[in-house]
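**Q** Make a model of the complete structure from these sequences and hints.
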Amino acid sequence: MAKKRAIGEREQRVTQRTLHSVDETLRLPAITPPVTYPIETLVPQVRQQTPAVGQRATRPDGRLHGLGQTRFIDDLAFPGMLYARIKRAGIASARIRSIDTREAEAMPGVMAVLTGREIPVNSFGPSLKDQPVLADEHVRHAGDGVAAVAAVTGQIALEALDKIKVEYEPLPAVFDPLEALQDDAHKVHAPNGNIYATRVIRKGDVDKGFAASDHIFEGCFRTQMVEHVPLEPHAAIAMWDANGRLTIHSTLGRITLGRADISRTLKLPLNRIRIVATIVGGNFGGKNEITQEPVLALLSKKTGRPVKGVFTRTEEFIATTTRHPIIMDYRTGVTRDGRILARKVRLVLDGGAYCSWSETTLGKACILSAGPYNIDNLFVEALVVYTNKTMTGAMRGFGAPQVCFAYESHMDDIAAALQLDPLDIRLLNAFEEGSSSPTGQVLQSVVLKDSLLQAAGRYGWKDARQ
Amino acid sequence: MDISLIVNGETRSASVPAETTLLGLLRDHLQLTGTKLGCDVGDCGACTVLLDGKAVNACLVLAGQADGREVLTIEGLATRDELHPLQKAFEEHASLQCGFCGPGIILSAKALLDEVPDPSVPQIRDALSGNLCRCTGYTKMIEAIQDAARSLRGEPAEPNA
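From first to last, the protein sequence lines stand for chains A and B.
So the first sequence is numbered by our numbering: it starts at 1 and just counts up by one.
So the second sequence is numbered by our numbering: it starts at 467 and just counts up by one.
Hints were generated in silico from the structure; no laboratory data involved.
None of the values given here were measured: they were computed from a predicted structure.
Just so it is clear, CB atoms sit at the ideal spot from N, CA and C, and this is done for glycine as well.
All clues stand as given, with none of them false.
Covered by chain B, per the in silico footprint, the following chain A stretches (three or more residues, Cβ under 8 Å):
#	segment
1	54 to 65
2	229 to 238
3	275 to 282
**A** Right under this line is the structure:
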């Protein structure tokens, strides 16, 4: 084995020297940067034999990451590439009276300016198509894009944004989801109301359940908006070629869905669009749909040059999706010994200005809101409302972490009031093999009680409470 | 303005606008894209490089301030023969997930090991306090840094590592 490896190394050195001499003989331009790394790679045991279970595994991309050789989108560059920046509204609710781009277009180094009116179909979204690529008539949250610039440097594009004059007619705004439910609240997507999706689960008879209960407990729980903050900001490079074909390198996580949205917004057949997605520097659900891709594509079409756009950290916070804040009202009827007889839940999801993945989040939060507990009488009502804030969408768990915080906090409150051990009240009510979920799915491979007991045993739960 | 500095042991020169940061110089002018732009305001540490041996956020250093000085980026660690012990340990421990924070973390760790050959876990945590990993894989990074420290001291790796 050792001998074999030595021969391999010698062959490698010969190859390198030969390559170098070719470079020198042909007087090829020096390739920058002169990065060196070992040719011999680590072959993990896991990919040499099966079964892989029990073998030590490494990540196939680990070496490139450690060498700084992974090419993320912002690490790519193409000849003649331009840099795009998007002007953000900075006002939460307004009608756009006019956009004057003349001064920006006249700036040296600015190659093109784009506004929402130039986008063939200015709406997209994974379920409701309610989000404009660039706001054209109405601004519905402060992070809405209103115009974009492509320039020879990012600095010039940034300066050009200040030269774009947008005249707004301010409109009333609504920021609290409960206020948005009121009849007289400002309608974010007038004439439609602010509630844009609802889900209801009915199981058994909650009124009877509450009547039979010894105690009834109520609790209200609220969570806040959370941004994914991937270390790599959203980035894309669009190239519209002379055949009318579009290539986009993008940080998109869902490329087929993204391609459909790009096709729709640009009125371009799917087969003319090629999406190249490379390694993503953190997604967490925040890169599941298009953002600036159609804008870059049209800027590329206007200029005939590749156009790159990279979001700033500020844009990551104000102009990409976030986690839904949820207001969660719980009412639970229990027997004296802590068995749950009935539960009523109301969830109000703050959907922000656009739908995005709200419907998925709503459904999942609704189904999981009762917790992993056997409850015969259940009523869950969940709704998601528009507000004039950054849109909320997919994020790890799709609503599950919010409701988990609520129902587990609620369980602790009930246990404390009944002077029960928080572990015991969970064991009394927990799902077992064959339990059915709130929507009637019969569950298999349920190890909830085993997990709780194992965890309690390992961390000395009972000892700590004595 | 004209700038000349030593990058990864080689003298490099560039003519850049005065507002160019060291990060912009490395990425856009020298094509050393291993150094990442994460926030551009000095919060995330993805752009960490070693300037005269000290870990700095390249987005907060102007290219002009680096004139005549010595910069080490992630591209300057490995050789044709072997990975740097930190890179080797990070690969073997699968310490990097999306990898975007990796170059900065490895360089912060190198700055630590250059000064403290046998760091404690709190010392490692302290050295990484300016580097964010949103995949939250810090545990494996700390293990890898301990492993690399052992290797740099000439000790064998932990038997179970």
